[in-house]
Every structure is written in structure tokens, then in C-alpha cells.
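There are 2 protein chains.
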Amino acid sequence: MTKTSPDDPDNGLIHGLTARRIGLDSHDQAVILTRRDCLVCRSEGFAAHARVRVECNGRRIIATLYQIDSDWLEQGEAGLSESAWQRLGLSEGDTLHLAHPQPLNSLSLVRARIFGQPFSPGDLGIIIKDIVAGRYSDIHIAMFLTAMATRALNDQETRDLIQAMVAAGDVLEWSRPVIADKHCVGGLPANRTTPLVVAIIAACGLWMPKTSSRAITSPAGTADTMETLAPVDLDLAAMRRVVEREGGCVVWGGSVRLSPVDDMLIRVARVMDLDAEGQLIASVMSKKIAAGASHLVLDIPHGPTAKVRSLTEAQSLGDKLGAAASAFGVATRVVISDGRQPVGRGIGPALEARDLLAVLDNQPDAPEDLRQRALALAGELLELSGHVATGKGFALAESTLASGAAATKFRAICEAQGGLREPPLAARQFPILALRNGQVSSIDNRRLGRVAKLAGAPGAPAAGVDLHVRLGDSVAIGQPLFSIHSETAGELDYAREFAFSNGDIIELTPCR
Amino acid sequence: MTKTSPDDPDNGLIHGLTARRIGLDSHDQAVILTRRDCLVCRSEGFAAHARVRVECNGRRIIATLYQIDSDWLEQGEAGLSESAWQRLGLSEGDTLHLAHPQPLNSLSLVRARIFGQPFSPGDLGIIIKDIVAGRYSDIHIAMFLTAMATRALNDQETRDLIQAMVAAGDVLEWSRPVIADKHCVGGLPANRTTPLVVAIIAACGLWMPKTSSRAITSPAGTADTMETLAPVDLDLAAMRRVVEREGGCVVWGGSVRLSPVDDMLIRVARVMDLDAEGQLIASVMSKKIAAGASHLVLDIPHGPTAKVRSLTEAQSLGDKLGAAASAFGVATRVVISDGRQPVGRGIGPALEARDLLAVLDNQPDAPEDLRQRALALAGELLELSGHVATGKGFALAESTLASGAAATKFRAICEAQGGLREPPLAARQFPILALRNGQVSSIDNRRLGRVAKLAGAPGAPAAGVDLHVRLGDSVAIGQPLFSIHSETAGELDYAREFAFSNGDIIELTPCR
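Chains as they are written, first to last, in the numbering used here: chain A, 459 to 970; chain B, 459 to 970.
Careful, some of the hints might be misleading.
One copy or any two copies: either way a pair holds, since identical chains are not told apart in the list.
[Said to hold, decoys possible] Simulated crosslink set (SDA-like; lysine to any residue; CA at most 25 Å straight-line): (1) K765 <-> A570; (2) K765 <-> N563; (3) K587 <-> A870; (4) K850 <-> D819; (5) K765 <-> S566; (6) K587 <-> R728; (7) K765 <-> F573; (8) K765 <-> R569; (9) K765 <-> L567; (10) K765 <-> R509; (11) K765 <-> A834; (12) K850 <-> C514; (13) K587 <-> I480; (14) K587 <-> H507; (15) K765 <-> R725.
These are calculated hints, taken from the structure and not from any lab test.
Using the sequences plus the hints, can you model the full thing?
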């Protein structure tokens, strides 16, 4: 008799359950639902909340088991979350095989670091492979992130982590030596410079293939805003065609699989509210390296409500990002900017799109702060990439915008991505008025964002908030402070109710 | 207009959903299930996997949101996990109010320790209060456990943690100064000494109110074994009546709420496979202090497959447990024992009950190792509590057992708990035979446990494994090594199949 281990994949007792699609959205957590009296579970000793290995069609995933008493499932059936359904490539009625997961050996490397040892070369590669394969539960990922935060990653560990994260996903390769990219650390509301920078850079003849994210907790992500102007769900081949034709694109990063582990880590880190510098550096750099960037400008806004609080902190972070980038042959320049108030006027996909079209088209009422930020970043990129001499970048960016070349390029990119669209205008608009005379002394970005979300953003692209005042403006009683844009009466009610009961979102101090 | 915060509990926008009981077992994780097109979720911006506050009947919990596309739920309905249903005290059709959870401020204390600061006095109390209120997700608990494991808890932190864990649940008070207790660190299979020790101690006139756990990953817990002999689901008042009448009890700890945070931490720590000493000490001591123990004997088995690997480790852990106990006025004595092989013969609730009845009744075939262990622990407790002089404990324990006084007391305790029962005998038994002559050189406890679980233990109380040989025994070809006990043909098949394909669970080396 050959010696086998109980955790050997071929050695477990494996029994079939019939797959049933139940449309369960559990985000990216894989969930399998069985009846509580499921015979397979009972014989295997699977209890609720257990991690089980689910196999079908030659694929296998690790899922969390929940059990149900009601008659939603027949005996012998198992319901799966959409994430599990997709990853297994299932069809209704497929036979699933359940087994105990193999032991998670890489966890011993995480435990060793918790107890004080550094990661050895190769350790992070093993851990990241297990994470991308879905073998780490949220609990394990939280343990890994905490272990990394406890003692800052050293340079070797940082490089190993970046390398492992890049290797865990797709890596884009381009036929040109200069690939421009930009990244903003710290999510300033409505800081929608990306489409402007891409338009200017591409109009100048450089390549800038940009992938952006959708909103997770904010009223709009760059991909949501861009989607009101053109399709953004492009696959890799379509994205490459756009870049080869127009030199730039702004597509949703979710369609291409660049550093997928980053998304898995960020989701858990957000719940932990833990900003560990090493992880932030690996997060940014792994995406950029996987995207094939050669020249990268980093926007680091600092301010009391921004992610980076002080100038010193911004400079230190910029230095470390630059060092990590240069280890992978990526040239970087850091732009440290003012992060004290939101950018532009619109908050919500279509309203932000309107602002950036105003800048592109040189409209007199275009938000000047958005314009200045975009020009500064584009200017730095033009210099960094060697396209113009130092000191000449801003002027070239400005003339590219002023001449209309950037606007033309932007519309060409939209056409190449599948067709230029007109951003929608909300059916319902409601102004929130000043209740007295005064000067705007503070604007609560977080609660303004909440109003925009209650109004329907980003799910309803036209929904959001249009801000009519800025810090320092003098306003008269009855003058509109901001307008709520909404597509349904119900959502308008929710947003209005919240705005009325939060009369201090925009604070006014008496004028003297 | 008064100044309000968006996280003020009275300030959120609150909308109703109709509660529907779906019998979802998600262990102790609270889950709420809505349709993906749920209007409340959309307007509040709740996405799948969000943490939401659910209120009803003046109670509130934090639950994890999942969303579903199928027609299992009507628009306006929400399904809840049983854990959520119980904690909210719901009835079918109740109206639920959903809101965003308040910010988890105590997480900043956890983050501070991750970044190198010790906990200040009071910090752990704040964190533990949030955990017992269900405000920490598994991710947050994993973060907290990792933060504590990174740098060993100092004495002050250990005491604060114990204090906070005790304060988070019920604390038992007894009318006698001496309350005996025992605890075994490290889960040796079938080490079922507790009912024997309770019987001997109570027969000697001391009080020993013992709460025990059910199996989580093993084929039987002490509460499962005891349940084959008497009811164990006693509430606090019933438990008190038993102890006041008979001096002892063995009840399930889940009915009394002693250090409930401990159970929450252990569940996550088990997934992390993280044994942090400070947490182990707080886990043991918080339960004992909450149970009102004054004199405690600790059984620390050590061996290559036990939790504690070496004698040195066992001594160091014993010292630390003793120091923590003495800070709370609990006298302790540590018994370091051999943990190299399982105790007794039966594995599974009823089979283990049979072994302990054999010891109680002084049957000639009673497992001697189980008897010796129980006598050693009872003897130490009798000495520690001052009931007999040092050196006299073992003899008194032995005579109490030999005279039948312990057996009489045990049956009286069972009657007081609700009636003595006869442990069931499995309908089906199947022997696994030696395939050659040889001497037993190793017994794989882990895989033997798996056979017992596949056979149906602990859900089917009569199911399990009956071991016929011990290390060093000489066996002849065709002699039974162990028997599988099962209540159904299907479970017997599963267990047998696994045993056949794992012929080395009991290894035989040729005799010379």
C-alpha cells in the first residue's frame, strides 16, 4: 500500500453536488451554499464557515461554506456566489466535487515574520501565488497585511513583493521605448486629471496607455467618468488597437488583469483602514510595471483630509516610490500638490466629465484648478520622457491644450474606444440655498460625497452634486451653494433629506 | 440647525426592510441577504460585502451584506443568518432598519500597537467591548490577534486583556471560598479526565462547577461525551442548583456566557493557525476567573504532536499561567504530562463515555492511562485546595475512586443535570485488520480522528473509532487494529473507504 497523506489531493473522499446558479454577489469572496442536512458535508465534516475546496471542469477554487435550512435548495444541490461561478466556469447542473483544502503551508512564512523574522528571498513569491489562487481567506490576508505593517518592509522585501505581484498577473509589452504613465496617491475628490493628461501627452506624440479604476467608496472613479464619454470595458487586444492608433487610452483596469493581487490586498486593507507604506509602494509600482510604464509622474496631494498629511511625509513617500521604481527601470518624477479642497465643481461621473470637457474645450468657465493640475502633470511627463527640455514642459502642455490639439486627440481616443458619447444630464435638479449671508469657511468633502452617492452616483451616471461655491467665496442668503442632480424622485428625496439635516456641509462665517 | 455628524446614530437615513428567516448557518458571523436591486441598499450605497448596521426591536448588530439576483427574496425583504436572527430577537415579518455602522474608533489603538506602541491601560477594555458587541469583522479580529502576536504581551497588557475579557461576559459567584477547577492546554485526543476529576473532587466534599466545550474540529468535546450520559444544556440557574446539591457539574459552556470574546478570538485564531502565548494565557484565565475558580490545576501535555512540544516550553507556559492567575487571586498548580499518544481506547462521544464509566466502576479492563491521569489531577487539586496535606492527594483520589464514592457521585450529578443516560452503541461496527505480523510503531491520531468524523462523530454520538492496540503491542496478521462504529451504512462506507486507502494509520514494524 503506498503511503498517502490525508491532504493529498487524490486521497480525499470526493462526492458530487449539483451546481445551481443563485446570483449571489459576495464581492470577490467565493461562497458555496448547501443545505444544512447535506450528506456530502456531513460525511466530510464540513461545518458552516469552513473553507472547502470545490472542483469542477478541471478547475478548483477555495470557497467559504454557508448552510441553509430553507427549501431554497434541493438535497444534493449547491448554490454558488457569482465570483465562484465565474472562476470555475460553471454551467447550470454541473457536478461539483468538494474536498478539504490542502494545508496552507505559506502561512508559516507569514507567522515567521509576525514573530520577528524578515521574509527571505522567494518567500513573498510563494505567499502571493497562494493569494492569487484564492487560497487565502480574508482572515489570512489581514494577517499578512498586519505582518507587513508591523516592521516596515526593507528594500529587498519591497522589491520582492513588487516582483511577485507583477508576476501574478498579465504584463503588457509595447513596441515603443517610452510609455508614459501617471498615478495619483491619495484620492482627492473629483481630481479627474487623467483624461486631460492622456489627451495632452498623446497629442504630443507620446504613448500613454492608461488603465483606471471604478469607484469603490467614492461617487465616481476615473473609469466611471470616462464611461459617460466612451466605452471603457475594453479587452487587452482592443486596448492595444486604440493605443497603436491614437497613442493613448483611458480604459477600465478590471478588464485587463494587471497585478490582480493588488485589488485583493486593497479590499482587505480598506476594511482594516491600514495604510502601510510598503504595501502602498508595492500597490502603485506593481500596477505600473505590469502596465509596461517606462516614465511615471506621481501626484501626491497633501492636506489635512488627504491621505498624505504633510509636505515632509509627501516628500519621503515620493523618494521611496522613486527608489522602488528605479529598481525596475522606471523613471519617475513626483509632483507634490495642494490637497486641501476638492478639484473642479462636479461630483459624480457625468458632472465630472462636463468639467473636463470644459477644460479641454478652453471654455471660459472651465475649472481653473483642474486645468492647472492637468497642465503641471502633463508638463512634468513631457520633460521626464525627454520629449522637451527641462522647464519647457508646462508651456508645451498649455499650448497643446490651448490650440485644441488635446481636445481633438481626446475625441479621437473616445471614437477609437468605441464611440464618443454625450454625458447625460440628470432629469431632476434641486438647489441647496444659503440660509444667511457669509463667507465659505469650510467644505466637508466626505459629506458632499455622501449626498452625491445618495443621489445615485456612480450607479446613475448623471447623478451627483454640482458645487457652486469655493472656499473664501462670499455668498448672500438664498444663493445656491450646491445642486443635487438625480435621475429618480426617490433618490432626490434621500439626498435632499440628508442635505437638509446636515446644514453645515458648507459652513459660512459672517462677513465683516 | 444643530451640528450633526454623518456617523451620528440618529442622523443616518434609515429605511425599512422586512425580515425573513432563511435558516442560514454562517457560524457566528452575522449575515444579511438582500436582492441586488434592493432600493434601500442602492440609496444608502451599500455594496456586497459591506458591513451594515441592522436595527430592530431596539437592538442593533453589525452584519455583512450579501446580495442575490434570484427570486428567493421579494423586493423589500431581507434574509438573515440564524446568528443575526437570534441576536436581534426577530420574528418573521419584523421591520429592519439599515444604516452605516459608526466608525470603529478602537481600531486606531490596534493600529498603534501594529506600528510599535504598547497598549495603554484601558485600551484593551475598549477594543474588547467593540469585539463583544460584534463590531469587529473577522478581518479586524485577525488584525488585532496579529498585533498582539507581533510583540509578546507584557504583564500589564496580559492582565488588562484578562480583565477586559472577563468583564465582557457573565461572572459566576459562589457561596464557598474554595472553587476547584481544572484545565488542559493542548487537546490530547480522548483525554477525557474532566468528568472523573469532577466526580472525585465533589465526592470529597469540594465544589467543582465545570463548564466544557463541544467539539469544533475534533471527533468529540467533553460536553459531547458528557451529553451521552446526561443533559448538558443547562442555564446558569440550573447549573447552580446542580452544584449546590451535588458539589459538581459538567455542563456545556455555551449555555453560560463566560468570556464570550474568547470564543470569538479562538475561532479566528484557529483559521490563522496562530498560537500566541499571551492570547492563550488570557483565553484560559478569563474563562476560569469568570467561572469563579479559586484553585486551578493545569494539565500541560507535551509531545511531538501535542500543542506544547517540549518540557522546557511546558514549564515556561506553566509559570506564566500561574503568574497571571495569581494576579487575580487564583491559586494554580501545573501538571506536566506525557502527550505522545492518545488516552484511553474510544474516540467519539459514546465510546469515550464508555471508557470513563469503566474507570469510574473500577472495571478490570478500564484504560489505565486515563485512570492514572485523572487521579494525578484530582490529587493535585485536593492538595492545592488545602483539603489534604501535600503528598496525600493521590492516595485520597485513589481511595475515593476505588471505594465507588466517585461513581456514586458521578451518577448523582448526572441525575441532577436531568437524568442519567446509557451511552448509545452503534448499530454498525467494522474491524480494520492487521495485514501482517508486527509491532505497533506509530499511531496517527489525526487520521484516526478523521476516520471517527467520517463515521459520523460527534453528530452521531455512537459513532467513532475503538482502538484495540497501543504503541509497542505485538499483533498477528488478521488481528483487529481498530473498529469503526457507525450509525448509518453510508457513513460506515465513507470511513471504511478512507481507512482502506490509508493503511498506514497504524504502522507495524516486523517483530525480530
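Could you place K765 and N563 in one of the four classes (within, between, both, neither) given a Cα distance threshold of 25 Å?
-> Close across copies (18 Å), not inside one copy (35 Å); limit 25 Å.
For K850 vs C514, is the C-alpha pair at or below 25 Å within one copy, between two copies, both, or neither?
-> For K850 and C514, neither the intra-copy (59 Å) nor the inter-copy (64 Å) Cα distance is at most 25 Å.
Could you place K765 and R725 in one of the four classes (within, between, both, neither) given a Cα distance threshold of 25 Å?
-> within (16 Å within a copy, 34 Å between copies)
Classify it for me, K587 with A870: is the Cα-Cα distance of at most 25 Å met within a copy, between copies, both or neither?
-> Classified as neither; 39 Å inside a copy, 58 Å across copies.
When no copy is named, should K587 and H507 be tagged within, between, both, or neither for a Cα gap of at most 25 Å?
-> Answer is both; intra-copy 23 Å and inter-copy 24 Å each pass.
With 25 Å as the alpha-carbon cut-off, assign the pair K587 and R728 to within, between, both or neither.
-> Both. Shortest intra-copy (21 Å) and inter-copy (22 Å) distances satisfy the 25 Å Cα cut-off.
Check K765 against L567 for me: Cα-Cα at most 25 Å, and say if that holds within a copy, between copies, both or neither.
-> Between. Shortest inter-copy distance 19 Å satisfies the 25 Å Cα cut-off; intra-copy 30 Å does not.
Up to 25 Å between alpha-carbons, please classify K765 paired with R509: within, between, both or neither.
-> between (35 Å within a copy, 22 Å between copies)
Within, between, both or neither: K850, D819 at alpha-carbon 25 Å = within (23 Å within a copy, 97 Å between copies)
Same-copy or cross-copy closeness of K765 to A834 [CA-CA at most 25 Å] = within (21 Å within a copy, 60 Å between copies)
Intra- versus inter-subunit Cα pairing at 25 Å for K765 with A570 = between (30 Å within a copy, 17 Å between copies)
Go through the copies and call it for K765 and R569: within, between, both or neither, with a Cα cutoff of 25 Å.
-> between (29 Å within a copy, 16 Å between copies)
Hint compliance for this structure: hints 3, 12 and 13 are broken, all remaining hints hold.
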